[in-house]
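2 protein chains.
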Amino acid sequence: MALEQGCVQVYTGNGKGKTTAALGLALRAVGRGLKVCVFQFIKGGGRYGEHLAAEKLAPLLTIIQTGRPGWVNTKDITDDRRTAQEALVQALELLTSGEFDLFICDEINGAVGFGLIDVEQVLDMISRKPEKTELVLTGRNAHERVIEAADLVTEMREIKHYYKAGIAARTGIEM
Amino acid sequence: MALEQGCVQVYTGNGKGKTTAALGLALRAVGRGLKVCVFQFIKGGGRYGEHLAAEKLAPLLTIIQTGRPGWVNTKDITDDRRTAQEALVQALELLTSGEFDLFICDEINGAVGFGLIDVEQVLDMISRKPEKTELVLTGRNAHERVIEAADLVTEMREIKHYYKAGIAARTGIEM
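Top to bottom, those sequences are chains A and B.
First residue of the first sequence: 63, per the working numbering; consecutive thereafter.
First residue of the second sequence: 63, per the working numbering; consecutive thereafter.
Read the hints as simulated data drawn from the structure, not as lab findings.
We treat Cβ as the ideally placed atom computed from N, Cα and C, and that holds for glycine.
Treat the hints loosely; a few may be bogus.
Label pairs and their in silico Cβ distance ranges [to be verified]:
id : chain 1 : residue 1 : chain 2 : residue 2 : range
1  : B       : ILE139    : A       : ASP180    : 50 to 58 Å
2  : A       : ILE229    : B       : LYS137    : 38 to 46 Å
3  : A       : ILE221    : B       : GLY160    : 26 to 34 Å
4  : B       : GLU161    : A       : ALA231    : 34 to 42 Å
5  : B       : THR158    : A       : LEU154    : 32 to 40 Å
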């Protein structure tokens, strides 16, 4: 099957659940036989639970990780920007191929926030989305022009987080 | 593997992404070999994409639907309350069996909001959670006592929703 109409969804905010919601969308879509690509920006740091699960849902679910290991070097973004720009070219190729019913650009809002990708490039991506492809953009601090261009926007607000109680990221839950 | 420590997470608010985030948690956990139960309250209405996908991730992922077909009869909750109370007994049995590493009570907050389950019953459930089981509670209008008892709370806020632009729920995305 294919979607009759593809929309643009944004998950932003400082709360837990943005990438996780995108993964949930992927799971539901795969259940319906849709083809899904989760394209991750600034996430080069190792394989998480979702990458292991993706193998069980292949060939419908593909997860592509890009970014350098470790976090963005905010003091000098040169290398991170080059990596993100190369990733963007790859993402655009995959998106515009029309091969995927659901295309998730995970952490692309963060990449814009760090100056690794320009907001105009995200708007260009949105404008080039195939009509029947659902495009999902995640990450904190989504740019107001991206919010304007989107059909659905949810802000995940942190009301309470256990990091503050000293609980670190746990394998199987956060990664 | 098993979690070293299980927490209580709440996803609430009027925005899209609560159940979806819980499904994403399930996907990640399954990738790590954790055993997951998604127990759905007031959701008796047919099989969605997540139910079809669950078959591909069995036996690690189990999704149980409870509730009557159609939406809650808010004019007379007698039947819905009986159904929800029976479901709660089943959920408690499964949760306290310790068989699951991640136990998701989907829409339980909504069930409390409709008066189908009492908030004291949810607090009792939280108190009886096995130490190493992660318990996730979703649904709008989470009760303040549930928020108080939780370790992590995220509010999904609707900034923009395409329902308002006349786009109905789509197979593969919302269901």
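Hint by hint, here is what the structure shows:
1. B:ILE139 <-> A:ASP180: 50 to 58 Å: Roughly 53 Å apart at Cβ, these two residues keep to the hinted range, so it holds.
2. A:ILE229 <-> B:LYS137: 38 to 46 Å: Holds: the Cβ-Cβ distance is about 43 Å, inside 38 to 46 Å.
3. A:ILE221 <-> B:GLY160: 26 to 34 Å: 29 Å, holds
4. B:GLU161 <-> A:ALA231: 34 to 42 Å: Cβ of B:GLU161 to Cβ of A:ALA231: about 25 Å, so the range 34 to 42 Å is violated.
5. B:THR158 <-> A:LEU154: 32 to 40 Å: 50 Å, violated
In terms of the numbered hints stated before, the structure departs from hints 4, 5, listed from lowest to highest.
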